[in-house]
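Chemist: Chain by chain, the residues run as shown.
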Amino acid sequence: MLILTCPNCGEAKDETELHAGGEAHLKRFGPGSSDADFEAYLFERENPKGVHFERWHCAPGCGKWFHAARCTMTNEVFGTYSAQTTEPPENIKDAITAKRPGWHWRQFS
Amino acid sequence: MSNLRSFEGLVTVREMPLRGMITLRGDTEVMTAALKSVGFELPERGMCNGAVVWMSPDEVLVQCPHESVGQTLAALQSATQSMHALALDVSDTRTVFEITGAATREVLAKLAPIDLRSAQFPVGKVRRTRLAQIPCAVWLREESAAEAIIFRSVAEYALGVLQSAAHPQAAVGYFASNKM
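Residue numbers (my numbering), protein chains in the order written: chain A, 12 to 120; chain B, 126 to 305.
No wet-lab data here; the hints were simulated from the structure.
From a predicted model like this one, the values you see are computed outputs, not experimental measurements.
Misleading hints may appear alongside valid ones.
[As the list claims (entries may be wrong)] Mimicking DSBU-like on lysine-lysine, the simulated pairs with C-alpha atoms at most 35 Å apart in a straight line are:
{"#": "1", "chain 1": "A", "residue 1": "LYS60", "chain 2": "A", "residue 2": "LYS104"}
{"#": "2", "chain 1": "B", "residue 1": "LYS161", "chain 2": "A", "residue 2": "LYS110"}
{"#": "3", "chain 1": "B", "residue 1": "LYS250", "chain 2": "A", "residue 2": "LYS104"}
{"#": "4", "chain 1": "A", "residue 1": "LYS110", "chain 2": "A", "residue 2": "LYS75"}
{"#": "5", "chain 1": "A", "residue 1": "LYS75", "chain 2": "B", "residue 2": "LYS235"}
{"#": "6", "chain 1": "A", "residue 1": "LYS60", "chain 2": "A", "residue 2": "LYS110"}
{"#": "7", "chain 1": "A", "residue 1": "LYS38", "chain 2": "A", "residue 2": "LYS75"}
{"#": "8", "chain 1": "A", "residue 1": "LYS104", "chain 2": "A", "residue 2": "LYS38"}
{"#": "9", "chain 1": "B", "residue 1": "LYS250", "chain 2": "B", "residue 2": "LYS235"}
{"#": "10", "chain 1": "A", "residue 1": "LYS75", "chain 2": "B", "residue 2": "LYS250"}
{"#": "11", "chain 1": "A", "residue 1": "LYS75", "chain 2": "A", "residue 2": "LYS60"}
{"#": "12", "chain 1": "B", "residue 1": "LYS250", "chain 2": "B", "residue 2": "LYS161"}
{"#": "13", "chain 1": "A", "residue 1": "LYS38", "chain 2": "A", "residue 2": "LYS110"}
{"#": "14", "chain 1": "A", "residue 1": "LYS38", "chain 2": "A", "residue 2": "LYS60"}
{"#": "15", "chain 1": "A", "residue 1": "LYS75", "chain 2": "B", "residue 2": "LYS161"}
[As the list claims (entries may be wrong)] So the derived list for chain B, only partly shown, Cβ under 8 Å to chain A, looks like this:
{"#": "16", "residue": "ARG170"}
{"#": "17", "residue": "SER181"}
{"#": "18", "residue": "THR254"}
{"#": "19", "residue": "PRO260"}
{"#": "20", "residue": "ALA301"}
In this text, a Cβ means the ideal position worked out from N, Cα and C, and glycines have one as well.
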């Protein structure tokens, strides 16, 4: 059972109390963008075995979105952080580096 | 009100009479000021201070007698008139179940995926969670009495799952044997 702590309400919630929102840190390409960018935005997703960044919704709880960093292989949670950011904060990156030296995910490492 | 539902088993489950409930949303400062205007205080994060139930970083539920909900709502709305805020009467959307008895924690633990040990869930702590498959906000009013707010449209379901969890022959005794 995956247990994530929502940074907004501070509660530890198991995954049945949350709603998965897919990959985190996607940059939207909308009208006026190139076909390649738009296609990548719509369809191209990471599918890593290891470090992954995801969006989660505290659905029957405080109703806010947040980000989580976890390992898809072991379900180890490295941390959760605000959704109001375009990249993982340093403390989360450091926590991952401590456990998975040399990790990288998209442009982050 | 004679049609209030109730059930007795490991705990007593009782639907409470109509209660005035007002959703108030806004920033902390806005909510603090608005609540002050009607004589209430903003509870700490995740807590219920009697009348006011913390719901999320920008939402609280104000409880008042059903007769005075219009008055309280008007006061909250005039206090937040020039601010980015929302005050809305949700009394008829929701209903409140009261769960009383020594097995209160145990019955709740069967239905909600939350840590009900007293260190994690002390009296006054509010948890928005699910009761089996429906959303609910629950807190302990005292050690052996909880109140759960649920949507009125699923009240029958809530009573049903509470009845099965509180079936007289369905005792687990976890909290009785583990003093935590």
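Chemist: Against this structure, judge whether each hint is valid.
Modeler: Taking the hints in turn, this is what the structure says about them:
Taking the CA atoms of LYS60 of chain A and LYS104 of chain A, the gap is near 17 Å; set against the 35 Å cutoff, the hint holds. Restraint check: the Cα-Cα separation between LYS161 of chain B and LYS110 of chain A comes to about 48 Å, which exceeds 35 Å; the hinted pair is violated. The suggested pairing of LYS250 of chain B with LYS104 of chain A holds, with an alpha-carbon distance near 32 Å, which does not exceed 35 Å. Note on LYS110 of chain A and LYS75 of chain A: the hinted pairing holds, with a Cα-Cα distance of about 28 Å set against a maximum of 35 Å.
A hinted pair counts as satisfied when its Cα atoms are at most 35 Å apart, and LYS75 of chain A with LYS235 of chain B qualifies at roughly 26 Å. Straight-line distance between C-alpha atoms of LYS60 of chain A and LYS110 of chain A comes to about 15 Å, which keeps the hinted pair within the 35 Å bound. Restraint check: the Cα-Cα separation between LYS38 of chain A and LYS75 of chain A comes to about 20 Å, which is no more than 35 Å; the hinted pair holds. Note on LYS104 of chain A and LYS38 of chain A: the hinted pairing holds, with a Cα-Cα distance of about 19 Å set against a maximum of 35 Å.
Distance check on the hinted pair: LYS250 of chain B and LYS235 of chain B sit about 18 Å apart at the alpha-carbon level, within 35 Å; holds. Between the alpha carbons of LYS75 of chain A and LYS250 of chain B the distance comes to roughly 19 Å, so the proposed pair stays at or under 35 Å and holds. For the suggested pair LYS75 of chain A and LYS60 of chain A, the alpha carbons sit about 27 Å apart, so the restraint of at most 35 Å is met. For the proposed pair LYS250 of chain B and LYS161 of chain B, the alpha carbon gap of about 21 Å is at most 35 Å, so the pair holds.
Between LYS38 of chain A and LYS110 of chain A the CA atoms are separated by roughly 27 Å; this keeps the pair inside 35 Å, and the hint holds. Note on LYS38 of chain A and LYS60 of chain A: the hinted pairing holds, with a Cα-Cα distance of about 22 Å set against a maximum of 35 Å. Restraint check for LYS75 of chain A and LYS161 of chain B: satisfied, since their Cα atoms lie roughly 26 Å apart, inside the 35 Å limit. Hint status for ARG170 of chain B relative to chain A: holds, with the closest Cβ pair at about 6 Å, below 8 Å.
The interface hint given for SER181 of chain B is met, as the beta carbon of that residue sits about 4 Å from the closest beta carbon of chain A, less than 8 Å. The interface hint given for THR254 of chain B holds, since its Cβ lies 6 Å from the closest Cβ of chain A, which is under the 8 Å cut-off. Checking PRO260 of chain B against chain A by beta carbon gives a least distance of about 4 Å; that is within 8 Å, so the hint holds. At its closest, the beta carbon of ALA301 of chain B sits 24 Å from a beta carbon of chain A; the interface hint therefore is violated under the 8 Å criterion.
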